[in-house]
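*Asks:* Sequence:
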Amino acid sequence: GDGRGGGCVAAPAFSPTSPLVDALPQPAEKLRGRAFWEAIGSPKLVAAPMVDQSELAFRMLCRKYGTELAYTPMMHSRLFSESAKYRKEQWSTCKEDRPLFAQFCGDDPSTLLAAAQQLPPGTFDAVDLNFGCPQGIARKGHYGAFLLSERDLIEGIVRKLDINLPVPVTAKMRLVSTGDLQDTLALASGLEAAGASVICLHGRTKEMKGQSTGPCDWDAIAAIRRRVNVPVIANGGIQTYDDVARCLQATGCDAVMSSEALLETPSLFAAASGRPPVLQEDLALEYLELARLYGTGHKCVKAHLFHFLYAGLQLHTDLRSELGSAKGIDVMAAVASNLRARRAEDRTQGRKWPDTGWYLRYREPLGERKKRKALEPAQEGEEAVAPSPAPALRTNEAAPCSEAS
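Under the UniProt record's numbering, think of the first position of the sequence shown as 1, with each following residue one higher.
A couple of the hints might just be wrong.
Taking lysine-lysine pairs in the DSBU-like style, the calculated list, with each CA pair at most 35 Å apart, reads [unchecked claim]:
| id | residue 1 | residue 2 |
| --- | --- | --- |
| 1 | Lys95 | Lys352 |
| 2 | Lys140 | Lys44 |
| 3 | Lys352 | Lys85 |
| 4 | Lys327 | Lys160 |
| 5 | Lys88 | Lys352 |
| 6 | Lys327 | Lys140 |
| 7 | Lys85 | Lys160 |
| 8 | Lys352 | Lys299 |
| 9 | Lys352 | Lys327 |
| 10 | Lys30 | Lys44 |
| 11 | Lys44 | Lys88 |
Note that these hints are calculated values from the structure, not bench results. Quantities reported herein were computed from a predicted structural model and do not represent experimental measurements.
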């Protein structure tokens with residue numbers, strides 16, 4: 001009930017014989033740290049945990065285009081441990097959905113352990129603890145990045161789960177808000193000592209979100225990577241695939257995680273294998289087929305489509321309205337198909353689409369860009385773009401809890 005896109009419905013309910021959730025054999029001895037990382041293939045390209053947005057259909061689309069490790073959406077530990085209905089809504093996977101980290105939030109070690117123990121054995125690779133969510137709901141619920149100042153508590157959580165679970169425990173965190181990097185370094189070392197097998201660090205503080213996102217501190221991430229011996233995933237500052245290589249070089253990390261850039265372009269990592277770009281409308285249509293296959297809830301699906309199609313819908317506001325009122329997948333697919341046809345027509349007519357997508361919505365407001373463009377001389381073969389009073393895009397969901405990347 002935090003207003004983030006509505007409940008995504010899980011795939012068909014789990015049962016030990018379901019073909020969607022065939023359990024994979026588990027190692028006889030629990031692996032940790034680098035041994036664990038190597039066992040899951042030393043992934044470099046990672047899809048972030050996102051509330052109501054990194055669900056099975058989206059993860060499988062990302063995996064098709066190069067994602068090598070994915071996280072579930074952040075799951076509330078108390079609700080997951082107590083409510084079968086919540087578990088059914090939040091947990092779904094399939095045998096191709098690996099490696100997979102299951103992420104929980106909470107502040108009570110016993111409750112977090114109880115939640116993790118509800119997961120079907122053999123269907124995931126690690127339990128991740130969310131110490132990075134910067135949203136107001138995390139402050140109210142006393143979890144996420146609002147625990148970073150309570151080092152004893154979060155180290156105790158990691159220690160309890162590492163001792164009691166048959167799979168590795170990992171942690172996702174942000175920079176500590178004190179402004180002193182030494183505090184973040186000490187916390188990362190403490191998490192490693194407590195048993196965290198992988199640390200993912202977002203190079204921003206919890207205050208850096210929304211329109212105050214600001215640049216990601218890759219130097220700080222590099223310092224963490226040098227401090228600890230376990231694998232480190234760098235999170236933040238990834239807009240294009242070129243940024244992936246720059247981040248790996250700048251931080252020395254084992255992997256790079258994307259959240260918001262992947263939300264807009266799930267094929268972000270496809271360039272790693274030399275594949276050509278894919279039209280956003282085609283990504284939307286592919287996603288809709290997966291959403292149909294896995295029974296994803298319409299509110300969740302619609303939020304994804306607004307991300308995929310953001311730029312085109314700024315220009316074609318009639319289709320934006322149609323998507324906003326769409327009640328089913330067939331109607332949403334028609335919107336995506338119509339937008340693809342509009343793209344082809346616009347190209348023929350020499351009409352340029354807005355070059356600011358959803359990821360860049362805080363970096364330069366689209367309205368300001370349009371106004372600036374209208375005042376500039378039109379380039380040859382290009383019409384000047386007049387400022388438009390089109391209403392703000394409504395997606396029925398907030399920015400993903402797992403931060404701007």
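*Asks:* Look at each hint and say if it fits the structure.
*Replies:* Taking the hints in turn, this is what the structure says about them:
| no. | hint | in the structure |
| --- | --- | --- |
| 1 | Lys95 with Lys352 | violated (42 Å) |
| 2 | Lys140 with Lys44 | holds (34 Å) |
| 3 | Lys352 with Lys85 | violated (47 Å) |
| 4 | Lys327 with Lys160 | violated (45 Å) |
| 5 | Lys88 with Lys352 | violated (44 Å) |
| 6 | Lys327 with Lys140 | holds (33 Å) |
| 7 | Lys85 with Lys160 | holds (26 Å) |
| 8 | Lys352 with Lys299 | holds (30 Å) |
| 9 | Lys352 with Lys327 | holds (30 Å) |
| 10 | Lys30 with Lys44 | holds (22 Å) |
| 11 | Lys44 with Lys88 | holds (30 Å) |
The structure does not agree with the numbered hints 1, 3, 4, 5 stated previously, though it agrees with the rest.
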